[in-house]
Each structure stands twice: as structure tokens, then as C-alpha cells.
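Enquirer: Those protein sequence lines, which keep their order, are chains A and B. Following my numbering, the numbering of the first sequence begins with -12 at its first residue and continues without gaps. Following my numbering, the numbering of the second sequence begins with -12 at its first residue and continues without gaps.
Please keep in mind that the hints were generated in silico from the structure rather than gathered at the bench. Fair warning: there could be bad hints in the mix.
Because identical chains cannot be distinguished in the list, a pair is counted as satisfied if it fits within a single copy or across any two copies.
To be verified - Cut-off 30 Å, straight-line C-alpha distance, at most; resulting in silico cross-link-like pairs (BS3-like, lysine-lysine):
| # | residue 1 | residue 2 |
| --- | --- | --- |
| 1 | K277 | K92 |
| 2 | K236 | K277 |
| 3 | K92 | K81 |
| 4 | K78 | K171 |
| 5 | K86 | K284 |
| 6 | K(-3) | K211 |
| 7 | K236 | K81 |
| 8 | K185 | K236 |
| 9 | K277 | K171 |
| 10 | K171 | K276 |
| 11 | K86 | K56 |
| 12 | K284 | K123 |
| 13 | K284 | K236 |
| 14 | K171 | K81 |
| 15 | K284 | K56 |
| 16 | K276 | K86 |
| 17 | K86 | K199 |
| 18 | K211 | K86 |
| 19 | K185 | K81 |
| 20 | K199 | K223 |
| 21 | K81 | K199 |
| 22 | K92 | K276 |
| 23 | K211 | K81 |
| 24 | K171 | K223 |
| 25 | K277 | K36 |
| 26 | K171 | K236 |
| 27 | K171 | K36 |
| 28 | K276 | K56 |
2 protein chains.
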Amino acid sequence: MEYDVENFTKSLVEAGLIVPTRVPGTFGRNAVFEDVLARFDAAVMDLAKNDNPEFYVFPPTIDRTIIEKTAYLDSFPNLAGTVFSFFGNEKEAKQLSAKVNAGEKWSDTQGMTEVCLNPAACYPIYPTMTGTLPEKGRLITMFQWVYRHEPSNEPTRMQSFRVREFVKAGVPDEVLAWRDMWAKRGEELLQSLGLPAKMDVAADPFFGRAGKMLQAGQIDQKLKFEVLIPVVSLEKPTACCSFNYHLEKFGSVFGIRTPNDQAAHTACLGFGLERCVFALFKQHGVDPKKWPENVRKRLWG
Amino acid sequence: MEYDVENFTKSLVEAGLIVPTRVPGTFGRNAVFEDVLARFDAAVMDLAKNDNPEFYVFPPTIDRTIIEKTAYLDSFPNLAGTVFSFFGNEKEAKQLSAKVNAGEKWSDTQGMTEVCLNPAACYPIYPTMTGTLPEKGRLITMFQWVYRHEPSNEPTRMQSFRVREFVKAGVPDEVLAWRDMWAKRGEELLQSLGLPAKMDVAADPFFGRAGKMLQAGQIDQKLKFEVLIPVVSLEKPTACCSFNYHLEKFGSVFGIRTPNDQAAHTACLGFGLERCVFALFKQHGVDPKKWPENVRKRLWG
């Protein structure tokens, strides 16, 4: 198989699956794309059907203090998206209009709001968990739009994308056992769809030189795993599913306690839904009607 | 029926339907809420099943120049959300961290990006329609997260919410006939769900004193209709479905032409999905299992 970003993108656009826009990473998705995404998401949820997770949807904009309290801005200042708006009076509104209509910069008319874009699917749930967890901890699933400020013409690197997320909070043993169970489930699901998926230890793209040390520590402690699939490159396969063990970080910041009054440990895992869809289109072609029988059966039943 | 915002909100929170967050208008939605939302959306789509609309999903963040070109900032500067991020070097990143961790303002570390939050569900589609329309125009449906900077503790006034949107582009007669057909469909659907829905001429909340004149013009020309349902107030019912006729505005700005080379006319209509869900909870109670048989049948089949 060839891995040529330009040709892959071209084939997606020509098939109508994605609708290009002026700004990289903000394309539209068509009905066929959305159907595959929904079916894939349903296949993931089917794996969890006996787990009885609580389900929540939080909006794409979340409380800004969440990223302030969790050191997100220390690690990924360049990826965070903060929401600004106009707080002025009528005279200032006229100045804003004049600047916009003259094609001038108008960023100085904007002030920071109380919300930022959700940078990671699990973030909004932690502040809602403050207090003591039930005996067996909590298991949550979410379906969220996530934002990363990394404009790119490479289709799998989006500014806004959806994640099917699972979060487990509890005592360390439970949380780790749960993560390991899902690592197997995730890899198996993707392989069963004919995708050359491989699990690997991973590290986050921490900002700057100090980031290298943080990455080394993360790899050392095996806090992050990813299921990787070659989509636009064989050498740099795409992370389609990500597993993160946070130790007691969120438990400490948000006062989430275990029944024996320790800071709860948390882990999360997320399927990057658009990336999984792109992996399927890359592997099986842009027309789902022509996909292998076993893949169609798994997704459309 | 009583219309008491505080008690209504309390009943939603106690039933677990919404999960409060620190910032007004950014609450989480639970599984029951999401199920009703999905079923209501399916009921809307069922009305359109013989119309064969194209379907697209665009992300919550869109090309900033769309709101610059369409005079959105002249009319609603206070409602627009623009996305900022950090563009600095390592030294500046340390300053950002220091400010955040000291609890100081850090808005001056942020610069405007190329994206803003989508302020109206139909906006992202217009720039993709540049060129000549097919003979019968185009009919599109979308499922989108929309942002408005209007923090409020009133649950139906959200910062982020979802809209099931329909857009028609073509010659004026077609567009108007299509809008009128949907006005009937929308009102009938909501009434069939036991909701006291009423159609009325409406106006947008244009900013400032000049806004009053714009509102008067909009009402004069009957460019905007809304289906209103009392949810938190009898005197100020909630707009649950909105119909907008744009004349040739978007056709002109984005070069969308009819086959006889006129600027295309466009109209859109959107169901505010969370608002429709809230209207159902208000009317029939917080437990969908106890809703009237005919309502349950229409939604769950």
C-alpha cells in the first residue's frame, strides 16, 4: 500500500467524503463518512455493553479554569484554544465593525471569556466527580468534540474532531486492570476490522525542550499507550486510540476521593473517531459498499 | 403549569438529566437526555425522508472569515466567540505558565487564530456552495454545535448547543415555498408531541440601538419566523425552531449562482435540539417512561 497524503486527501475529496474549507483541519464530513463514524462508534459501545458505563455529553466549550488547574497550559500551551468575545459598548462595537470591514486586525477588540475549547475528551467530567466515589469507583463514557490548535492539511490531523471516551476513577488496581482490559479490546476491534493496528507505549507532544524530559518520564512510567495504524505514513502511523493513566493527578486537583479516603486514580481511553474512519477508508477504499464482507458485517450487522 | 426557572432547573439536575458546571450554559447532558435528543432529531429527519437532502457535519470551529464577510460582527459582536491560542516561544510559554499558576490574567499571551466558533448552524455550508447551483437548487441538512456568548443560568439559554439544520438554496419562489412547507411541518411535529407550540414572526437580537431598526425591518419583511413554546416563562416563550429567509445575502457574498445566473436566494431552518428536549421535559415531566403514550410512540416507535 502507498502512503501518499496528497493522493489520499484527493481521493477523499473526490468521493465527497470530506468537504474542504479554507482553514486546514475544519473540513465538513458527508453522510457516508458520518454513517461509518456512527457504525464504528456503535461497535466500540458494543464492547462496553456489559460494563454499564454512565454516559454524558459535554459541549465543545468548557470551563476555562479546568485547563488552568490541570497544568494543561504548562504542557501544551500551543494546542489550547481559548474563547474570546466582545465585551464593549456601542461605540466600541462600531470600531470593531470598522476594523473588520476594512480588513484590519481586530483581535484587540476581544476579551477572554470563561470558556475554552475542550482540549481532551475527559476533562469536563473531573470537576463533576468531586467528593467520595462509590465502592467500585465510577465508569463513564462520553462522546465529545475536542479542539487542538494544530492546523494541518494532513486529513488525520484536525483542529476539531470527535472522541468516544471512557474514564475510570477508583483505586489504582481497578483502574489499571480496566485500562489493560480495554487495551486488548481496542486493538482487537481495530484488527477485526482488517486494520493493521499495533499497540505501543507513547508520549504526549509536550511543548519545548523541557517537554523532551516529560516525554521520557511518561514513557518510563508507561503512562500512555496508543493503538497505531498507518494511514498517511508507514513510518509515522496514526494514533487512533489512546490510553492514559493519570495516577492521582485529577483525583488530587478536583478532590475525587476513594471510599478509604485516598485521592482517586483515574485512567481514560479515547477512540479518535475520524481517525478510525480515515483508517478504514485508507485500508478498504472510499466506497464502504465494496468493503470486505466481514468488515461490513461487523459494522452494519 | 408553573413557569419557575429555578425549580425547573432543580428538577432537571435532581433527575440527573443535566450536570451543572461552574460556567453557566456549559452543563453536561446524561444518557436519558441524549436519548430524547436523538429520538427527537430522528423524528425531524423522518419528516424530510422523501426530500433527499444532502447531509453534512461541520465542526464547532469554522473559518473566521465567514463571520467577517457576512456582517455577523456588525449585528451580534457580543455573541460571537473567537478562538485564540498561544503563538510564542519557550520563554513566552514560561511567562504564560507563570501567570496561569499565579492566578493572574493571561489573555495577553493569546493571539487570534484562523477559526471562530460557529455562530449559526448554516454558516459553514455557504462558502462550499460557490458556483452555479443545479437546476432545482440544493437542499442540505446538518447536525451542528453552535456557540453564543450569552452565559445564563436559564437552562434553555446555552453557550453551546446543537441544531438540526436545513438549508435551501435556489430561486426565490422555490426557497420560499420550501420554507413555508417546513413552517407547517415544524409546528405540527411539535404540537403532535403534546407541546403548546405557536408560530410567530420574529427578529434577531441585533446589538445596540441601531439594532432596533434592523429588528423592525426584519419583522416588516417577515424574514424570520420562530416556533415558540413556553418552557421557562409563559410571557417569554422559548424559540425552539427558527426559520430564516436571507434573500440573496449569502448568494452574493459567496458567489452562489442560480442556473440563470442570478445570485441564489437561501433560507434555513433549525431545530434547537436541547430546547426541544427541555420543552418535552417541561411539558411531560422528567421521566420519559411516564410520558403520554402517543408522545412515546412518536419518538420511540
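Enquirer: It remains to establish, for every hint, whether it holds in the given structure.
Expert: Do the hints match the structure? See the list:
1. For the identical chains of this complex, K277 and K92 are neighbours neither inside a copy (49 Å) nor across copies (55 Å), given an alpha-carbon limit of 30 Å.
2. Taking the shortest Cα distances, K236 and K277 never come within 30 Å of each other, neither inside one copy (46 Å) nor across copies (42 Å).
3. For the identical chains of this complex, K92 and K81 are neighbours both inside a copy (14 Å) and across copies (26 Å), given an alpha-carbon limit of 30 Å.
4. When the C-alpha separation of K78 and K171 is checked against a cutoff of 30 Å, the pair qualifies neither within a copy, at 60 Å, nor between copies, at 41 Å.
5. Taking identical chains as interchangeable, the C-alpha atoms of K86 and K284 are never at most 30 Å apart, the minima being 55 Å within one chain and 53 Å between chains.
6. Taking the shortest Cα distances, K(-3) and K211 never come within 30 Å of each other, neither inside one copy (33 Å) nor across copies (39 Å).
7. For a Cα distance limit of 30 Å, the shortest separation of K236 from K81 across copies, 21 Å, qualifies, whereas the shortest one inside one copy, 46 Å, does not.
8. In the homo-oligomer, the alpha carbons of K185 and K236 lie at most 30 Å apart inside one protomer (28 Å), although the nearest pairing across protomers, at 51 Å, exceeds that limit.
9. Taking the shortest Cα distances, K277 and K171 sit within 30 Å of each other inside one copy (28 Å), while across copies they are farther apart (40 Å).
10. Within a single copy, K171 and K276 get their C-alpha atoms as close as 28 Å, which meets the 30 Å cut-off; across copies the closest is 37 Å, which misses it.
11. Taking identical chains as interchangeable, the C-alpha atoms of K86 and K56 lie at most 30 Å apart only when they sit on different chains, with a minimum of 12 Å there against 35 Å within one chain.
12. Taking identical chains as interchangeable, the C-alpha atoms of K284 and K123 are never at most 30 Å apart, the minima being 35 Å within one chain and 37 Å between chains.
13. In this homomeric assembly, K284 and K236 never come within 30 Å of each other (Cα to Cα): the closest approach is 41 Å inside a single copy and 46 Å across copies.
14. Taking the closest pair of Cα atoms, K171 and K81 never come within 30 Å of each other, the shortest separation being 58 Å inside a single copy and 39 Å across copies.
15. For a Cα distance limit of 30 Å, the shortest separation of K284 from K56 qualifies neither inside one copy, at 45 Å, nor across copies, at 46 Å.
16. In the homo-oligomer, the alpha carbons of K276 and K86 never lie at most 30 Å apart, since the shortest distance is 50 Å inside one protomer and 54 Å across protomers.
17. Taking identical chains as interchangeable, the C-alpha atoms of K86 and K199 lie at most 30 Å apart only when they sit on different chains, with a minimum of 23 Å there against 42 Å within one chain.
18. In this assembly of identical chains, the alpha carbons of K211 and K86 lie at most 30 Å apart only when taken from different copies (28 Å versus 46 Å within one copy).
19. With identical chains, the CA atoms of K185 and K81 are never at most 30 Å apart, being 56 Å at best within one copy and 36 Å at best between copies.
20. In this assembly of identical chains, the alpha carbons of K199 and K223 lie at most 30 Å apart only when taken from the same copy (18 Å versus 56 Å across copies).
21. In the homo-oligomer, the alpha carbons of K81 and K199 lie at most 30 Å apart only across protomers (15 Å), although the nearest pairing inside one protomer, at 47 Å, exceeds that limit.
22. For the identical chains of this complex, K92 and K276 are neighbours neither inside a copy (48 Å) nor across copies (53 Å), given an alpha-carbon limit of 30 Å.
23. Taking the shortest Cα distances, K211 and K81 sit within 30 Å of each other only across copies (25 Å), while inside one copy they are farther apart (49 Å).
24. In this homomeric assembly, K171 and K223 come within 30 Å of each other (Cα to Cα) only inside a single copy, at 22 Å, whereas the closest approach across copies is 53 Å.
25. Both within a single protomer and between protomers do K277 and K36 lie at most 30 Å apart by alpha-carbon distance, with minima of 29 Å and 25 Å respectively.
26. With identical chains, the CA atoms of K171 and K236 are at most 30 Å apart within one copy only, with a shortest distance of 25 Å there and 53 Å across copies.
27. In this assembly of identical chains, K171 and K36 lie within 30 Å of each other by CA distance solely inside one copy; the values are 16 Å within and 40 Å between copies.
28. In this assembly of identical chains, K276 and K56 lie within 30 Å of each other by CA distance neither inside one copy nor across copies; the values are 47 Å within and 40 Å between.
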